[in-house]
Amino acid sequence: MNHWPLISFLVFLPILGIVCLALHPMKSDCQLRFAKYFTLGLTVVNFAASLFLLKDFDTAQTGFQFVENAPWWPSLGLNYHVGIDGISLWLVLLSTFLMPICIACSWDSIQHRLKEYLMAFLLLETMMIGAFVSLDTILFYVFFEGLLIPMFILIGVWGGPRRVYASFKFFLYTLLGSVLMLVALIALYLQTKTTDITVLMNADIPGNIQLWLWWAFFISFAVKMPMWPVHTWLPDAHVEAPTAGSVILAGVLLKMGGYGFLRFSLPMLPDASIQYAPIVMALSVIAIIYTSLVALAQTDMKKMIAYSSVAHMGYVTLGLFSFNQQGIDGAMFQMLSHGIVSAALFLCVGVVYDRLHTRDLGRYGGLVNNMPRYAVVFMLFTLASVGLPGTGGFVGEFLSLLGAFRANTMYATLATSGLILGACYMLWLYRKVIFGVLDKDDVKAMTDLSWREILIFVPLVILVFWMGIYPTTFLKPMQPAIHQVIARLAP
Amino acid sequence: MNLALFLPAIAEIFLAFAALVVVILGAFSKPSTATGWFYVAMLAIVFSLILAVRKYTGITMAFDRMFIQDNLALAFKCMIGAGAFLALALSIPYFTRRNAAKFEYPLIILLATIGMFGMVSAQDFLGLYVSLELQSLSLYVLASFHRDDRLSAEAGLKYFFLGALSSGILLYGISLLYGYTGSTSYITIANTLAAHEVVNPGVIIGLVLVLCGIGFKVAAAPFHMWAPDVYQGAPTPVTALFAMAPKAAAIGVICRLISSPFAPVFEQTQQILVALSIISMAVGAFAAIAQRNVKRLMAYSSIGHIGFILLSLAAGGQAGINGAIFYSVIYIIMSAGSFATILAVYDAHEGDEQTAYFSGLAKRHPVFAASFAALLLSMAGIPPFVGFFAKVAVFTAAVQANLTWLVVLGVLFSVVSAFYYLRLIKIMYFDAPFEDAAVLTPSRLWVFIAVLSALLNLALLIYPAPLSQFASWASQLQ
Numbered sequence: 001m002n003h004w005p006l007i008s009f010l011v012f013l014p015i016l017g018i019v020c021l022a023l024h025p026m027k028s029d030c031q032l033r034f035a036k037y038f039t040l041g042l043t044v045v046n047f048a049a050s051l052f053l054l055k056d057f058d059t060a061q062t063g064f065q066f067v068e069n070a071p072w073w074p075s076l077g078l079n080y081h082v083g084i085d086g087i088s089l090w091l092v093l094l095s096t097f098l099m100p101i102c103i104a105c106s107w108d109s110i111q112h113r114l115k116e117y118l119m120a121f122l123l124l125e126t127m128m129i130g131a132f133v134s135l136d137t138i139l140f141y142v143f144f145e146g147l148l149i150p151m152f153i154l155i156g157v158w159g160g161p162r163r164v165y166a167s168f169k170f171f172l173y174t175l176l177g178s179v180l181m182l183v184a185l186i187a188l189y190l191q192t193k194t195t196d197i198t199v200l201m202n203a204d205i206p207g208n209i210q211l212w213l214w215w216a217f218f219i220s221f222a223v224k225m226p227m228w229p230v231h232t233w234l235p236d237a238h239v240e241a242p243t244a245g246s247v248i249l250a251g252v253l254l255k256m257g258g259y260g261f262l263r264f265s266l267p268m269l270p271d272a273s274i275q276y277a278p279i280v281m282a283l284s285v286i287a288i289i290y291t292s293l294v295a296l297a298q299t300d301m302k303k304m305i306a307y308s309s310v311a312h313m314g315y316v317t318l319g320l321f322s323f324n325q326q327g328i329d330g331a332m333f334q335m336l337s338h339g340i341v342s343a344a345l346f347l348c349v350g351v352v353y354d355r356l357h358t359r360d361l362g363r364y365g366g367l368v369n370n371m372p373r374y375a376v377v378f379m380l381f382t383l384a385s386v387g388l389p390g391t392g393g394f395v396g397e398f399l400s401l402l403g404a405f406r407a408n409t410m411y412a413t414l415a416t417s418g419l420i421l422g423a424c425y426m427l428w429l430y431r432k433v434i435f436g437v438l439d440k441d442d443v444k445a446m447t448d449l450s451w452r453e454i455l456i457f458v459p460l461v462i463l464v465f466w467m468g469i470y471p472t473t474f475l476k477p478m479q480p481a482i483h484q485v486i487a488r489l490a491p
Numbered sequence: 001m002n003l004a005l006f007l008p009a010i011a012e013i014f015l016a017f018a019a020l021v022v023v024i025l026g027a028f029s030k031p032s033t034a035t036g037w038f039y040v041a042m043l044a045i046v047f048s049l050i051l052a053v054r055k056y057t058g059i060t061m062a063f064d065r066m067f068i069q070d071n072l073a074l075a076f077k078c079m080i081g082a083g084a085f086l087a088l089a090l091s092i093p094y095f096t097r098r099n100a101a102k103f104e105y106p107l108i109i110l111l112a113t114i115g116m117f118g119m120v121s122a123q124d125f126l127g128l129y130v131s132l133e134l135q136s137l138s139l140y141v142l143a144s145f146h147r148d149d150r151l152s153a154e155a156g157l158k159y160f161f162l163g164a165l166s167s168g169i170l171l172y173g174i175s176l177l178y179g180y181t182g183s184t185s186y187i188t189i190a191n192t193l194a195a196h197e198v199v200n201p202g203v204i205i206g207l208v209l210v211l212c213g214i215g216f217k218v219a220a221a222p223f224h225m226w227a228p229d230v231y232q233g234a235p236t237p238v239t240a241l242f243a244m245a246p247k248a249a250a251i252g253v254i255c256r257l258i259s260s261p262f263a264p265v266f267e268q269t270q271q272i273l274v275a276l277s278i279i280s281m282a283v284g285a286f287a288a289i290a291q292r293n294v295k296r297l298m299a300y301s302s303i304g305h306i307g308f309i310l311l312s313l314a315a316g317g318q319a320g321i322n323g324a325i326f327y328s329v330i331y332i333i334m335s336a337g338s339f340a341t342i343l344a345v346y347d348a349h350e351g352d353e354q355t356a357y358f359s360g361l362a363k364r365h366p367v368f369a370a371s372f373a374a375l376l377l378s379m380a381g382i383p384p385f386v387g388f389f390a391k392v393a394v395f396t397a398a399v400q401a402n403l404t405w406l407v408v409l410g411v412l413f414s415v416v417s418a419f420y421y422l423r424l425i426k427i428m429y430f431d432a433p434f435e436d437a438a439v440l441t442p443s444r445l446w447v448f449i450a451v452l453s454a455l456l457n458l459a460l461l462i463y464p465a466p467l468s469q470f471a472s473w474a475s476q477l478q
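Chain order of the listed sequences is L and F.
Residues in the first sequence are numbered consecutively from 1, following the working numbering.
Residues in the second sequence are numbered consecutively from 1, following the working numbering.
It cannot be assumed that every hint is accurate.
[Said to hold, decoys possible] Listing some non-contacts, in silico: residues in chain L with all C-beta distances to chain F over 10 Å: (1) F47; (2) S109; (3) V280; (4) Q326; (5) W428; (6) L455.
[To be verified] The calculated DSSO-like cross-link candidates involving lysine-lysine, where the alpha carbons are at most 27 Å apart (straight line), are: (7) K115(L) <-> K30(F); (8) K303(L) <-> K444(L); (9) K36(L) <-> K193(L); (10) K30(F) <-> K169(L); (11) K169(L) <-> K363(F); (12) K444(L) <-> K432(L); (13) K158(F) <-> K102(F); (14) K476(L) <-> K55(L); (15) K36(L) <-> K30(F); (16) K27(L) <-> K426(F); (17) K102(F) <-> K30(F); (18) K303(L) <-> K426(F); (19) K55(L) <-> K169(L); (20) K36(L) <-> K115(L); (21) K102(F) <-> K115(L); (22) K476(L) <-> K303(L); (23) K27(L) <-> K169(L); (24) K27(L) <-> K363(F); (25) K115(L) <-> K169(L); (26) K36(L) <-> K102(F); (27) K363(F) <-> K426(F).
In short, the hints are calculated from the structure, not lab data.
Positions of the beta carbon are idealized from the N, C-alpha and C atoms, including for glycine.
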């Protein structure tokens with residue numbers, strides 16, 4: 001297929017924006033506002049451009065589309081090789097979709113060092129999209145690791161009171177996880193003499209080497225995911241990050257782990273994946289039950305949603321390592337719906353945080369009286385997070401549990417209890433914030449959603465229902481890619 | 001007499017003449033024109049390299065096979081020359097702002113450069129020793145160049161004492177090798193060692209002592225004790241020189257040693273290099289965490305980097321040398337930019353170089369902050385900066401040589417060292433500017449070097465081909 005380099009455009013347009021912003025003076029209010037509109041416009045353009053991917057994507061074709069390939073480091077055989085299949089298509093769209101929302105939601109809340117803030121977000125966009133479209137292992141690693149830099153700056157500069165601790169923990173924790181993957185990538189390269197993901201996905205790697213490589217990949221992706229027991233960086237990072245940072249962290253960064261499993265561990269190291277699947281499933285079940293219980297005990301709204309993210313990611317790994325159609329479909333769908341729902345939940349927290357500047361549950365109550373529109377929106381996403389049929393959350397959890405039942409009944413049964421626990425803490429959160437008596441004066445003074453906020457939530461609401469009511473739109477394009485993965489795992 | 005016989009050493013000969021000219025004319029010139037000699041020295045270095053490259057015709061030997069000019073030597077001379085050139089460039093604003101420019105300074109750097117050129121071209125232990133001493137004695141003087149400053153004098157003296165000790169160790173090792181092989185020539189030693197199945201313990205002791213002596217010169221742990229004090233005490237542009245040129249020269253020597261005289265006993269050499277590598281990486285990672293003086297921090301960071309370069313050399317073979325050269329080039333680029341920033345930040349504050357002076361640099365001088373942050377991330381080996389490729393090159397060589405366990409240790413140490421690099425970024429970006437923070441009025445040259453090296457760090461990741469070609473060309477030994 002002949003086409004203009006759409007993927008490179010998506011990856012490097014934000015870089016162009018960074019250069020423009022760097023040269024843009026930020027003296028007057030007018031210039032500040034211009035920078036915001038400019039960045040918003042740029043991210044919207046990028047989202048619009050990514051819709052062309054969806055439009056021209058051939059859902060019947062297996063393999064990668066929109067491929068671009070250019071030599072990068074010839075003597076090592078590295079290439080700038082990018083392209084998408086049904087799996088990365090949706091993750092790229094998720095990233096470009098959430099970006100304008102992030103810029104819009106920090107419209108008024110970020111007052112100092114706005115220029116650097118916008119630049120950090122654009123850099124983040126480049127890195128996220130780059131990681132999802134890379135078809136070269138080292139190129140993937142460059143983007144995968146490069147992500148840490150803007151996120152570190154975002155948490156550290158615009159974060160809460162413990163921002164320094166949280167940013168260092170985030171950076172070093174995930175770096176420690178991924179450096180071992182670098183060793184594995186080098187070992188993989190020396191074993192197969194290639195860094196091309198498309199080749200590696202069909203390469204036969206000897207069993208004993210697979211086992212070592214698998215652990216190196218697993219540690220890296222498990223930290224990113226994050227899986228129990230290496231999830232402890234996430235609550236800190238979420239609590240301290242600014243709202244938009246949390247949105248991207250929950251919406252896209254957590255998907256890196258699942259994407260890594262689906263792109264590297266399962267197809268490249270199928271024997272090891274099958275051998276270690278019980279461990280992963282056990283860890284997923286622990287994650288679902290344990291972090292749900294932990295979430296129940298939280299009084300910080302963001303921390304609660306952060307723990308719920310860990311639990312939801314547990315369904316993803318559970319589905320992925322059940323190695324069947326429903327499981328992997330469910331895992332992918334869960335990633336997408338969680339990307340929307342948790343992002344929306346963090347936005348909901350951001351709305352009240354902007355007004356009262358606290359995330360303490362006890363400080364709120366009775367918001368339904370003075371913020372009815374907010375109550376409706378929050379209700380919707382709470383229920384989506386719980387997995388109410390008709391919302392995206394249901395489809396993902398249902399499919400991944402269905403897959404897990406086919407693979408291992410006991411784990412699946414245990415994991416199902418997580419649904420109940422999830423309902424417990426989410427409804428409790430909702431009750432504490434929205435219902436109850438409206439007795440505190442500062443809470444009484446809170447105003448309902450502004451038009452800007454409503455505009456932010458509308459696309460998210462539409463998507464959540466779309467995913468719940470007609471999931472085929474999302475599932476169909478990813479089928480060929482998922483079939484390919486399953487074919488690799490068949491004995 | 002056939003003048004063509006001297007052709008391989010044309011760079012050294014040219015530099016020696018240049019140094020003589022500087023001595024004679026400098027002594028009669030007015031002190032106010034001293035800065036001019038800096039430019040003369042920089043030009044001399046550039047011309048000597050151009051001559052060496054233009055007259056290079058493949059591997060050639062001179063002086064009764066005591067001197068060799070080959071790809072490796074030429075490549076390292078380019079790196080050393082670049083290091084000396086950059087250090088001179090960084091010095092000019094430093095000395096002119098203090099009205100302290102002296103013509104001896106560029107002169108001594110020229111002499112040191114001749115020594116370093118000789119080191120990488122030596123094909124005989126005696127030649128190596130003489131060049132090494134020329135280099136070391138010049139550096140001792142440079143370290144104590146601020147002779148009225150207590151720390152600078154201490155640095156020079158400490159460097160001199162420990163340097164003399166290490167030279168003694170090196171000489172003792174050379175004498176043992178001479179005793180057991182009957183020669184000081186690399187080629188003869190290699191042939192003699194290759195002829196014997198069993199390696200004599202005396203040879204091993206000699207080998208260990210020689211490598212320890214060189215280890216001292218690269219500041220590889222556990223022979224690193226001098227480095228933090230000397231880095232701290234020496235004038236900052238001299239510290240920049242220490243970080244760039246002599247390191248490259250000593251690494252060139254190790255490349256030469258493992259590929260020529262010690263090639264037959266590589267197994268034993270490897271053990272020493274592995275030990276030096278692990279200890280250096282560990283010291284570089286952990287000891288730097290406690291440092292609050294940025295020059296001491298750079299000293300420990302350089303020890304860590306040496307550990308990675310030694311890791312590559314321990315892998316041996318062309319791949320190992322290739323990785324070491326790749327890493328060294330990138331290290332020189334990163335050092336130049338970092339020291340430009342350090343010079344600019346402390347230009348406004350006399351006295352101790354506390355890291356706290358960097359606080360709020362993102363607001364006080366965004367360009368320096370951004371370029372220094374890029375360099376720090378590059379040093380930590382975080383993509384998208386070329387320091388990452390340096391680590392990839394080194395790790396690839398080591399994994400290929402079945403040193404995977406060492407690579408795993410290396411990446412873990414690199415995570416530890418990421419902590420203190422990140423802390424500097426934190427100080428620059430997260431912290432508010434300290435009270436009575438002076439306005440930075442950096443020289444344009446410093447800004448230029450810092451920005452250029454940061455951009456190179458990014459550009460070489462996007463287009464690494466020239467660098468990788470350079471490294472693979474340099475590591476072609478036959």
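Structure-based check of all given hints:
For F47(L), the shortest C-beta to C-beta distance to chain F comes to about 23 Å, beyond the 10 Å cut-off, and the non-interface label holds. For S109(L), the non-interface assignment is confirmed: its Cβ lies about 18 Å from the closest Cβ of chain F, beyond the 10 Å cut-off. Against the 10 Å criterion, V280(L) stays outside the reach of chain F, whose nearest CB is about 22 Å from its own CB. No Cβ of chain F comes within 10 Å of the Cβ of Q326(L); the nearest lies about 37 Å off, and the non-interface call holds.
Look at W428(L): its CB is around 35 Å from the nearest CB on chain F, clear of 10 Å, so calling it non-interface holds up. Against the 10 Å criterion, L455(L) stays outside the reach of chain F, whose nearest CB is about 32 Å from its own CB. Annotation: proposed proximity of K115(L) to K30(F) is violated, straight-line Cα distance about 50 Å (limit 27 Å). Taking the CA atoms of K303(L) and K444(L), the gap is about 24 Å. The hint holds against a cut of 27 Å.
Annotation: proposed proximity of K36(L) to K193(L) is violated, straight-line Cα distance about 46 Å (limit 27 Å). Only pairs whose Cα atoms come within 27 Å are accepted, and K30(F) paired with K169(L) is rejected, the gap being roughly 57 Å. About 25 Å separates the Cα atoms of K169(L) and K363(F), which keeps this hinted pair within 27 Å; it holds. For the suggested pair K444(L) and K432(L), the alpha carbons sit about 15 Å apart, so the restraint of at most 27 Å is met.
Distance hint between K158(F) and K102(F) is fulfilled; the C-alpha atoms sit about 23 Å from each other, no more than 27 Å. Using a Cα cut-off of 27 Å, the hinted pair K476(L) and K55(L) holds, with the two alpha carbons roughly 13 Å apart. Distance hint between K36(L) and K30(F) is unfulfilled; the C-alpha atoms sit about 58 Å from each other, more than 27 Å. Straight-line distance between C-alpha atoms of K27(L) and K426(F) comes to about 25 Å, which keeps the hinted pair within the 27 Å bound.
Of the pairs offered as hints, the one joining K102(F) and K30(F) holds, with about 10 Å between alpha carbons and a cut-off of 27 Å not exceeded. Using a Cα cut-off of 27 Å, the hinted pair K303(L) and K426(F) holds, with the two alpha carbons roughly 24 Å apart. Among the hinted pairs, K55(L) with K169(L) is inconsistent with the structure: their alpha-carbon atoms are about 40 Å apart, more than 27 Å. Of the supplied pair hints, the one linking K36(L) and K115(L) holds, its CA atoms being roughly 9 Å apart against a limit of 27 Å.
For the hint linking K102(F) to K115(L), the alpha-carbon distance of about 44 Å lies beyond 27 Å, and the restraint is violated. Only pairs whose Cα atoms come within 27 Å are accepted, and K476(L) paired with K303(L) is rejected, the gap being roughly 35 Å. Restraint check for K27(L) and K169(L): not satisfied, since their Cα atoms lie roughly 34 Å apart, outside the 27 Å limit. Of the pairs offered as hints, the one joining K27(L) and K363(F) holds, with about 14 Å between alpha carbons and a cut-off of 27 Å not exceeded.
A distance of roughly 25 Å separates the Cα atoms of K115(L) and K169(L); the hinted pair therefore holds under the 27 Å criterion. A threshold of 27 Å between alpha carbons decides the hint, and for K36(L) with K102(F) the separation of about 53 Å lies outside it, so the pair is violated. Restraint check for K363(F) and K426(F): satisfied, since their Cα atoms lie roughly 13 Å apart, inside the 27 Å limit.
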